[in-house]
Amino acid sequence: MRTKRFFLYVILIVFILVSLFYILKPKQLTDNSIPKNTITQQATELPLPSPKTFELVVEGKKLVSGPQTINVTEGDNITIKITSDQEEELHIHGYDNSVDLQKDIPAQLSFTANITGRFIYELEKSETEIGVLEVLPK
Amino acid sequence: MRKILVCAFFSLFLILPSPVSAHAFGQLYTLPIPVWLYLWGGGAAVLVSFILIGFFVGDRNKSLTYPEVEISRLVTVRFLTSKTFRFFLKITCLLIFALTILAGFLGPKTATDNFATLFVWIIFWLGLTYLAAVFGNLWNVVNPWKILAKAMEKNKSLKLDGIISYPQKLGYLPALIFYYIFIWLELISNGWGVKPVYLASIILIYSFLNFAGIILVGKKIWFKYFEFFSVFFALISKVSPIKITNGRIFLRPPFMGLLDEEAESFTLLLFIIFMLSSTAFDGFRSTIAFRKIDFLTSQIATGANSYQIIESVLLALSGIFFLALYLWAIVLVKTLIKTGFSFFNLARKFSYSLIPIALAYNIAHYYTLLLVQGQSIIPAVSDPLNLGWNLFNGNGFKVNVGIVNAAFVWNSQVAVIIIGHIAAVYIAHLIALKNFPSPKKAMLSQLPMLILMIAYTITGLWILSQPLTLGR
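In order, the protein sequences belong to chains S and Y. Converting from the first sequence to my numbering requires adding 963 to each position, the first position being numbered 1. Converting from the second sequence to my numbering requires adding 41 to each position, the first position being numbered 1.
Just so you know, these hints were derived from the structure itself, not from any lab. Remember, predicted model here, so these are calculated numbers, not experimental data. For every residue, glycine included, the Cβ atom is placed at its ideal position computed from N, Cα and C. Some hints could be false.
[As the list claims (entries may be wrong)] Below, in silico cross-link-like pairs of lysine-lysine (PhoX-like), each with a Cα-Cα straight-line distance of 25 angstroms or less:
#1 S:K967 <-> Y:K481
#2 Y:K439 <-> S:K1088
#3 Y:K390 <-> Y:K261
#4 S:K967 <-> Y:K333
#5 Y:K390 <-> Y:K375
#6 Y:K284 <-> Y:K265
#7 Y:K210 <-> Y:K124
#8 Y:K150 <-> Y:K195
#9 Y:K375 <-> S:K1024
#10 S:K1024 <-> S:K1066
#11 Y:K191 <-> Y:K284
#12 Y:K475 <-> Y:K390
#13 S:K967 <-> Y:K475
#14 Y:K150 <-> S:K1088
#15 Y:K200 <-> Y:K265
#16 Y:K390 <-> Y:K379
#17 Y:K481 <-> Y:K379
#18 Y:K439 <-> Y:K150
#19 S:K1025 <-> Y:K333
#20 Y:K481 <-> Y:K375
#21 S:K1101 <-> S:K990
[Said to hold, decoys possible] Footprint (simulated), chain Y over chain S, 3 or more residues, beta carbon under 8 angstroms:
#22 971-978
#23 1060-1071
All chains should be built: construct the whole structure from the sequences, respecting the hints.
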């Protein structure tokens, strides 16, 4: 008796929760919304997917210009331009991408953001975290 | 005595080495869950709770039986429980134990490359927790200190019954203290727990304490009240669908093991609460909300290690917060139904119903760590001692960070927390039916418990949805 009721209830619960899930789920996941505290820069308004470019300037191992959070969507082509006043290395966790930084010479890192998640980037030599790349799912 | 211990503990901070960055070790790549999903989760928790009440309304069936199937005769089960296989398993465990210590001392110096750190914090601490939830108390079989103690007992006809008698009043407090220190090493110690050499030294110290303890209080008491891994895994394994009685093995619905017995001591409740609160604390401390608290407290306490002292206090306070919520619910239960059970008795009786929530918190917070960083064990075990070996062809192995998509992670995290919630509410109700004579009383007693569980669940979801600070 209880077992039968139990399964009826399980079906009821699952049905209600799943339908609510689909009602509440936004059609497009935060695709072009730009969160408050972040600056997202779009290079040009071309019809083809153009790389999203972000420019970072580091002085004294601190980020003095550019976004502390880079928000992109899965599949975006992104380019990070970075200038440092000291010799360093920029390293993005997870993606494990890095680029050597010469004093005052702009360096650049381009890749496709095909892994979703939250990845910190840091100045590798001094282990200073300067920002985070957030790749939202499509 | 306690004051001296506390002083000694905090004076540890004075001799701490200069800050060591935990670096990429234990770093989660998960994004905070989106607001709409958080709201869905919260709503689901409330809704499901009331549907479950509906399920129990008018249910006069007081029996707490459940279907079970004996599986002891299956060939696989017979093989896995055979003496030969268990012997093989034990030897393997001792070898891994030795390798962990050796790798800690001789292996790569970075936590993310070293076998010891990866094995202890990720494969063992997370992996064995989930295995125990599915297959039962495996730690009881593979606990290296227990294997060694048993071997000692056999070979030297030595009796490990203890020299001094343990004051049973203290219950599980020793295990709780060890557990707190372990979490402290993991989260607050500034690299003690994740520096391979330190970790290996800590394992040696803990092993020494194990042997000293086994001789002093005896094997039975030590593994029951002191050795916190044994306490932890025994509690987790109660949710497992595998039941062992008199050498026979049964398959039963999951979570039902929580009804087999009740917490024998109030101190075990404290241990369970810490299982909940320490995971919540770990999630909470990397949020921006936590940084605000941290900032406020840093205005009061200044000094070289004030940050760690504050975090140590907050770790304990988070436990007190979760305990206060629980005890408040118990007070309400007692006033609502006027039972003959004392307050402490009631608190004990319902404590196992929190285990599903504790496990759900753990899975939701850490399972991606096991899936992603756990992969690093392959290169690490290929050359554990830094001798240029390539045992499992793992050199040059690249961790697949994208193994789980962020959308899947969000959905699974919320799903796990809701399942934990449902199990907790269900089990709490069955405990009430078991203890209170009328179904009406049982129902009434569950209203405060329901609010408590909803509060815990929404707290867990809220933490997962919070914006995060830079490093964590």
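Evaluated hints:
1. S:K967 <-> Y:K481: 22 angstroms, holds
2. Y:K439 <-> S:K1088: 22 angstroms, holds
3. Y:K390 <-> Y:K261: Cα-Cα ~24 angstroms, so holds.
4. S:K967 <-> Y:K333: Not satisfied, since the Cα-Cα distance of roughly 50 angstroms exceeds 25 angstroms.
5. Y:K390 <-> Y:K375: Measuring from Cα to Cα gives roughly 12 angstroms; hence the hint holds.
6. Y:K284 <-> Y:K265: 20 angstroms, holds
7. Y:K210 <-> Y:K124: 37 angstroms, violated
8. Y:K150 <-> Y:K195: 38 angstroms, violated
9. Y:K375 <-> S:K1024: 59 angstroms, violated
10. S:K1024 <-> S:K1066: 12 angstroms, holds
11. Y:K191 <-> Y:K284: 24 angstroms, holds
12. Y:K475 <-> Y:K390: 10 angstroms, holds
13. S:K967 <-> Y:K475: 21 angstroms, holds
14. Y:K150 <-> S:K1088: 16 angstroms, holds
15. Y:K200 <-> Y:K265: 17 angstroms, holds
16. Y:K390 <-> Y:K379: Holds, because 16 angstroms separates the two Cα atoms, which is no more than 25 angstroms.
17. Y:K481 <-> Y:K379: Satisfied, since the Cα-Cα distance of roughly 13 angstroms is no more than 25 angstroms.
18. Y:K439 <-> Y:K150: 19 angstroms, holds
19. S:K1025 <-> Y:K333: With Cα atoms ~21 angstroms apart, K1025 of chain S and K333 of chain Y stay inside 25 angstroms; holds.
20. Y:K481 <-> Y:K375: 14 angstroms, holds
21. S:K1101 <-> S:K990: 11 angstroms, holds
22. 971-978: Coverage by chain Y holds here, the residue count being 3 at a Cβ distance below 8 angstroms.
23. 1060-1071: This one is violated; 0 residues, fewer than the three required, reach chain Y with a Cβ under 8 angstroms.
Hints 4, 7, 8, 9 and 23 from the earlier list are contradicted by this structure; the remaining hints agree with it.
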